[in-house]
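Here the protein sequences come in this chain order: A and B.
Mapping of the first sequence onto our numbering: position 59 corresponds to residue 59, and the numbering continues sequentially without gaps.
Mapping of the second sequence onto our numbering: position 75 corresponds to residue 75, and the numbering continues sequentially without gaps.
In short, the hints are calculated from the structure, not lab data.
One or more hints might be untrue.
Covered by chain A, per the in silico footprint, the following chain B stretches (three or more residues, Cβ under 8 Å) [as the list claims (entries may be wrong)]:
no., stretch
1, 9-21
2, 71-83
Pair ranges (Cβ atoms, derived) [to be verified]:
no., chain 1, residue 1, chain 2, residue 2, range
3, A, Arg102, B, Thr3, 23 to 31 Å
4, B, Ser72, A, Gly21, 46 to 54 Å
5, A, Leu24, B, Ser21, 37 to 45 Å
6, B, Ala77, A, Gly21, 48 to 56 Å
7, A, Ala13, B, Ala22, 54 to 62 Å
8, B, Arg8, A, Ala23, 19 to 27 Å
9, B, Arg8, A, Leu24, 15 to 23 Å
10, A, Arg194, B, Ala17, 37 to 45 Å
11, B, Ser72, A, Arg20, 47 to 55 Å
12, A, Ala16, B, Ala71, 48 to 56 Å
13, B, Ala34, A, Val172, 58 to 66 Å
14, B, Arg8, A, Arg65, 35 to 43 Å
15, A, Asp22, B, Leu73, 47 to 55 Å
Note that the Cβ used here is the ideal one computed from N, Cα and C, for glycine as well.
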Amino acid sequence: MPRDTVCDTDDAALLARYGRGDALAARELTARLLPRVLAFASRMLGGDRTEAEDVAQEAMLRLWRAAPGWRSGEAKVSTWLYRVAANLATDRLRSRRRRFRRMLGGPLALDEAPEPADETPGPEARLIGAERLAALDRALAALPERQREAVVLRHLEGLSNPEIAEVMGIGVEAVESLTARGKRGLAAVLKDQRAALGFEGD
Amino acid sequence: METRDLDRLFARARADASEPSAALVSRVLADADAVLAGRRVPVQPRRRPGAGLRALWLSLSAGFGGGGVLASLGAVAAIAVFLGYSDPAGLGTTLGAGLGGDFLITMDATSDAGLEIVPVAEYFLSGG
Numbered sequence: 001m002p003r004d005t006v007c008d009t010d011d012a013a014l015l016a017r018y019g020r021g022d023a024l025a026a027r028e029l030t031a032r033l034l035p036r037v038l039a040f041a042s043r044m045l046g047g048d049r050t051e052a053e054d055v056a057q058e059a060m061l062r063l064w065r066a067a068p069g070w071r072s073g074e075a076k077v078s079t080w081l082y083r084v085a086a087n088l089a090t091d092r093l094r095s096r097r098r099r100f101r102r103m104l105g106g107p108l109a110l111d112e113a114p115e116p117a118d119e120t121p122g123p124e125a126r127l128i129g130a131e132r133l134a135a136l137d138r139a140l141a142a143l144p145e146r147q148r149e150a151v152v153l154r155h156l157e158g159l160s161n162p163e164i165a166e167v168m169g170i171g172v173e174a175v176e177s178l179t180a181r182g183k184r185g186l187a188a189v190l191k192d193q194r195a196a197l198g199f200e201g202d
Numbered sequence: 001m002e003t004r005d006l007d008r009l010f011a012r013a014r015a016d017a018s019e020p021s022a023a024l025v026s027r028v029l030a031d032a033d034a035v036l037a038g039r040r041v042p043v044q045p046r047r048r049p050g051a052g053l054r055a056l057w058l059s060l061s062a063g064f065g066g067g068g069v070l071a072s073l074g075a076v077a078a079i080a081v082f083l084g085y086s087d088p089a090g091l092g093t094t095l096g097a098g099l100g101g102d103f104l105i106t107m108d109a110t111s112d113a114g115l116e117i118v119p120v121a122e123y124f125l126s127g128g
């Protein structure tokens with residue numbers, strides 16, 4: 001269920017207050033929006049917390065700068081912020097790919113993003129829950145960017161399909177297609193890990 | 001992996017969303033304060049009644065070299081108007097004496113013509 005529907009009017013009111021010079025409104029907006037944009041960026045960037053923090057900070061900075069000219073009713077604050085964060089994350093992923101390509105010295109397909117290295121100990125040494133989440137992050141990182149973005153917004157951030165369509169600048173049907181393909185892709189990647197992740201016998 | 005497993009995984013991930021670090025929150029709020037400080041528009045002073053007239057007076061007095069100068073000019077103008085209307089006897093003699101007799105203004109205060117200002121052609125022709 002979309003979790004920002006109720007609060008978004010308040011978000012716009014808070015942003016308007018900030019635009020008029022109310023610093024306290026920035027604190028409240030940060031408390032509301034920063035955890036969400038950080039979580040989204042983290043999923044988009046394959047769990048890289050440092051890069052996700054940079055993206056979240058940059059997205060929030062752009063929100064502060066946009067505040068004076070913000071026209072309520074034009075876009076939802078949260079939707080706008082997700083869009084900015086998605087673009088920033090995509091830029092970083094592309095930059096990461098270019099670096100990786102240079103490192104290898106050869107061409108790399110657009111969606112051949114390197115999977116984040118699993119530097120953590122084996123499943124035996126970890127809690128099952130943490131292992132499952134790490135596996136999800138790895139599986140998400142293996143998806144094509146647009147599928148990953150749609151899946152994360154739908155299933156982890158809880159946006160509705162029309163909201164995702166607005167964030168991604170596509171139609172609702174395209175969103176449905178992306179999320180469906182993304183879920184199939186995740187299921188395929190995680191298929192062989194079902195037992196290791198402790199799903200068998202649950 | 002089944003859809004049911006995937007949905008459980010999503011639910012766990014949603015519940016696991018960790019809070020931003022205090023350092024990140026501080027950086028974000030510092031950005032907000034900096035943007036606000038850079039954009040802050042000075043508060044416009046509230047206009048008081050009569051402020052327009054006061055501004056006009058200040059502007060005029062500044063143009064004439066200050067309020068004192070403007071007040072002096074006003075006083076001189078008032079005296080000139082008074083003299084013109086009151087037509088005091090002997091004023092021409094007094095002014096003539098003040099100018100050493102070679103005055104350029106003839107004034108006949110006793111005639112009906114009142115104050116008369118006439119250029120004296122002879123004065124210029126004689127080279128005086």
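Hint check:
no. : hint                              : result
1   : 9-21                              : holds (count 11)
2   : 71-83                             : violated (count 0)
3   : A/Arg102 with B/Thr3: 23 to 31 Å  : violated, 40 Å
4   : B/Ser72 with A/Gly21: 46 to 54 Å  : holds, 48 Å
5   : A/Leu24 with B/Ser21: 37 to 45 Å  : violated, 21 Å
6   : B/Ala77 with A/Gly21: 48 to 56 Å  : holds, 51 Å
7   : A/Ala13 with B/Ala22: 54 to 62 Å  : violated, 26 Å
8   : B/Arg8 with A/Ala23: 19 to 27 Å   : violated, 42 Å
9   : B/Arg8 with A/Leu24: 15 to 23 Å   : violated, 40 Å
10  : A/Arg194 with B/Ala17: 37 to 45 Å : violated, 24 Å
11  : B/Ser72 with A/Arg20: 47 to 55 Å  : holds, 50 Å
12  : A/Ala16 with B/Ala71: 48 to 56 Å  : holds, 52 Å
13  : B/Ala34 with A/Val172: 58 to 66 Å : violated, 39 Å
14  : B/Arg8 with A/Arg65: 35 to 43 Å   : holds, 40 Å
15  : A/Asp22 with B/Leu73: 47 to 55 Å  : holds, 52 Å
Hint check: violations occur at hints 2, 3, 5, 7, 8, 9, 10, 13; the rest are consistent with the structure.
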